[in-house]
Amino acid sequence: MLKTENLSVGYSNYVVVEGINLEIREREILCIIGPNGAGKSTLLKTIGTYLKPKKGVVYLNSQNIHKLSPKELAKEMSVVLTERVNPGNMTGYDIVAIGRHPYTDLFGRLGERDKWIIEHAAESVNATHLLSKNFFEMSDGERQKIMIARALAQEPKVLILDEPTSFLDAKHKIELTILLRKLSTENNLAIVVTLHDIELALRIADKMALIKDNRIVAYGHPEDIMKREIVNNLYDLDSANYSEVLGYFELKSPKTVKFNIFLICGAGTGSNVMRFLVKNGYNVVVGILHKNDIDYTVGKTMELKIIEEEPYNPISQKNYELALNKIKSCDIVIYTDFPIGEINKLNKKLVEESINLNKYAIKYEGSVEELKEKLNEFIK
Amino acid sequence: MNNISKNRYHGYYRYLVIITLFISIIILTVLGMYYGGNARSITLEDTTNFIVYQGKVTLNDIYHRITGEDLFNMPSLSEGEKFKYILLKKVRFPPILGAIIVGITLSACGLMLQTLFRNLLASPYTTGISSGVLFAVTLVIFISSIAELFSIFNIDEKIVAGWCGGILSLILLIIIALRVKEVNGVLIVALLSSYLFRGISSYLVANGQDLSIQEYFMFVVGSLTRVNLNNLPSLILVTIILMLGSVFLIKPLNALLFGESYAKSFGLNVKKVRVLILLLTSFVVGVIVPYLGLMAFVGIAAPYMARPIIKTSDHRWLLPTTMLLGVILMLMAHIVSLKYWVPIYYLYGINHPAQVLPVGSILDIVGGLLVIYLVYRGEKNIKMI
Numbered sequence: 162m163l164k165t166e167n168l169s170v171g172y173s174n175y176v177v178v179e180g181i182n183l184e185i186r187e188r189e190i191l192c193i194i195g196p197n198g199a200g201k202s203t204l205l206k207t208i209g210t211y212l213k214p215k216k217g218v219v220y221l222n223s224q225n226i227h228k229l230s231p232k233e234l235a236k237e238m239s240v241v242l243t244e245r246v247n248p249g250n251m252t253g254y255d256i257v258a259i260g261r262h263p264y265t266d267l268f269g270r271l272g273e274r275d276k277w278i279i280e281h282a283a284e285s286v287n288a289t290h291l292l293s294k295n296f297f298e299m300s301d302g303e304r305q306k307i308m309i310a311r312a313l314a315q316e317p318k319v320l321i322l323d324e325p326t327s328f329l330d331a332k333h334k335i336e337l338t339i340l341l342r343k344l345s346t347e348n349n350l351a352i353v354v355t356l357h358d359i360e361l362a363l364r365i366a367d368k369m370a371l372i373k374d375n376r377i378v379a380y381g382h383p384e385d386i387m388k389r390e391i392v393n394n395l396y397d398l399d400s401a402n403y404s405e406v407l408g409y410f411e412l413k414s415p416k417t418v419k420f421n422i423f424l425i426c427g428a429g430t431g432s433n434v435m436r437f438l439v440k441n442g443y444n445v446v447v448g449i450l451h452k453n454d455i456d457y458t459v460g461k462t463m464e465l466k467i468i469e470e471e472p473y474n475p476i477s478q479k480n481y482e483l484a485l486n487k488i489k490s491c492d493i494v495i496y497t498d499f500p501i502g503e504i505n506k507l508n509k510k511l512v513e514e515s516i517n518l519n520k521y522a523i524k525y526e527g528s529v530e531e532l533k534e535k536l537n538e539f540i541k
Numbered sequence: 004m005n006n007i008s009k010n011r012y013h014g015y016y017r018y019l020v021i022i023t024l025f026i027s028i029i030i031l032t033v034l035g036m037y038y039g040g041n042a043r044s045i046t047l048e049d050t051t052n053f054i055v056y057q058g059k060v061t062l063n064d065i066y067h068r069i070t071g072e073d074l075f076n077m078p079s080l081s082e083g084e085k086f087k088y089i090l091l092k093k094v095r096f097p098p099i100l101g102a103i104i105v106g107i108t109l110s111a112c113g114l115m116l117q118t119l120f121r122n123l124l125a126s127p128y129t130t131g132i133s134s135g136v137l138f139a140v141t142l143v144i145f146i147s148s149i150a151e152l153f154s155i156f157n158i159d160e161k162i163v164a165g166w167c168g169g170i171l172s173l174i175l176l177i178i179i180a181l182r183v184k185e186v187n188g189v190l191i192v193a194l195l196s197s198y199l200f201r202g203i204s205s206y207l208v209a210n211g212q213d214l215s216i217q218e219y220f221m222f223v224v225g226s227l228t229r230v231n232l233n234n235l236p237s238l239i240l241v242t243i244i245l246m247l248g249s250v251f252l253i254k255p256l257n258a259l260l261f262g263e264s265y266a267k268s269f270g271l272n273v274k275k276v277r278v279l280i281l282l283l284t285s286f287v288v289g290v291i292v293p294y295l296g297l298m299a300f301v302g303i304a305a306p307y308m309a310r311p312i313i314k315t316s317d318h319r320w321l322l323p324t325t326m327l328l329g330v331i332l333m334l335m336a337h338i339v340s341l342k343y344w345v346p347i348y349y350l351y352g353i354n355h356p357a358q359v360l361p362v363g364s365i366l367d368i369v370g371g372l373l374v375i376y377l378v379y380r381g382e383k384n385i386k387m388i
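Protein sequence lines, in the order shown, are assigned to chains A and B.
Heads up, the first sequence is in this note's numbering, so the first residue is 162 and it goes up one at a time.
Heads up, the second sequence is in this note's numbering, so the first residue is 4 and it goes up one at a time.
FYI, nobody ran anything at the bench for these hints, they're computed from the structure.
A few of these clues could be false.
What the hints assert, rightly or not - Short, incomplete list of chain B residues facing chain A, as computed with Cβ under 7 Å:
| id | residue |
| --- | --- |
| 1 | Ser148 |
| 2 | Ala150 |
| 3 | Lys254 |
| 4 | Phe261 |
| 5 | Gly262 |
| 6 | Ser264 |
| 7 | Lys267 |
| 8 | Ser268 |
| 9 | Phe269 |
| 10 | Gly270 |
| 11 | Asn272 |
| 12 | Ile312 |
| 13 | Thr315 |
Here a beta-carbon is modelled for each residue, glycine too, at the ideal position from N, C-alpha and C.
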């Protein structure tokens, strides 16, 4: 469908990204990800023929896209740009109707088929109620929907979206994500989209291209290429880590507070405590976690010190001793309401032992507010 | 389905607006002819009779040319009527038609440029054409040797000079328009070049004679007094060209509402349309301004007022509304300038008789107040480019 061959993009006197070989077929979503200024938009502008390629070719159905006339291209490809439009006093219907521009006659009159397509386009983005609403009265989410309906009314085969989620709240972001997937399958669209939110990209993309340092650093199925080293390197992260399991980042501990805390948790009960403690700069040791515990994943992403146990094995005596030693050298022990089963019985013993050792032990019962008060008491 | 019925309602409303504006223009035309001079013997009835008579004559003429027969039996006129009709035709009619032409052309140009530049302050004069025209005319007014040079064409030398100035700045503008990526670059260059031309003009004005300065001033403000039956054909021709051209530009203009990047993705050849709009508007301005002087405000005020009235940015409706409103503005300003000029004469005790106010100054005052009021009333109207 859409294919770039050894493409180099850039402006008049310098190249931004070179050696781009991407391909996208019908019913596929290609997501382009990269740090600000890496050239995502430049690439998209070149595919959208706003810029001429410095080298290489972009093919649309094996035709050179830059040699098509604007009108021919408009029937094959439509775009939704980041720039906010201000078309003045127009209803949603008028806006979607503009999508019929390449098909209508000299005066832009709409035929029966055009009208049907307009209504159908609005329907497929759930925006029928917006057709009679005035554009300047719409919220950002509604505007984005109408602009996408407009793009659909163009009956394209390729849809290009430049950061469609930038102005949207969580609900609309998710709706848009689902919508794009739906459109790609129902309308047989090939969709190219740039995104800032990698967690969204991971969830909608069939193919993903990561751009950095003038080149594509990785290209393929997002599940294959979104590895910790690649993503960390992509954004030059040193104070946070990407986790493949979580599909997002966790901050690393800045370690500004002098207190050592031992956290006993498991089965996801400790994740929020870890986030709270790391955020506030405590030095945290976590124990004893099985490697298949979600708390383990979170803690590992934060690069915390974890006393770890192999999956599904009961906690060994050796690790128990190790943890007890750690507890002795810690100032505070925090334990959560973690479930206790056959393999983590020793964690319960750890809690009892630390109370016996007269450690300042805090039970976390789901409220960070209480936890904070108790920590402050200790510090005083 | 609700939406479709709503659209139909909008349709009725819009037709109503257009018809109302059209009727007001006819009334204002008659009033303008009636107030158009000092001969008290001409009544309102005479004016309407004249319009009907003249209409019949024209139709008869056309019919006669095609079939060789007469359509109407023309009644013979009395001597008094003949005199009155000549007065109406030669003195009162040309400024009215001038006002109508200016109203149509400049307001339509203003709207097109506002949409092209996506800027409410764009007007036929921000393209720099008018400064070119003004510059050439200033040279003719103040430097007699240049005036002699232009007088060889046997037409008013100011008009010829204005055309030359217009063509020169047009060439400049097209070169810029083809080179600049961002359309607002054109706006900035045009604005700055107008300062350049003004600078040279003001040097000439500072050293000019009283009479030349008055002439220059009248040209800058703009007045309808120079329009006469001889130069009406070329003005009408320009208007027809503009109206035909604008019909072809309606669809591109609607696409341009979304900005140039989007317009391109709708299948529009943006550079071609940009040059086409600039070419058409500057051609119109270049031809009309030498006759009538700068009448800057109608190009800004008419589109501005049309938007809230017609309640859509769709140029299929907005463009005709703007043209009609432009005509109404011009006719009203013309009538006011004829009859109700402010008695500065009495206030300041000027000894020589006061001039009839140039229509441009009325337009600036009335239009300015109107637009300020509109901005004050609803900020959101500003966004309705």
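Give me the numbers of the hints this structure contradicts, sorted from smallest to largest. 1, 2 and 12
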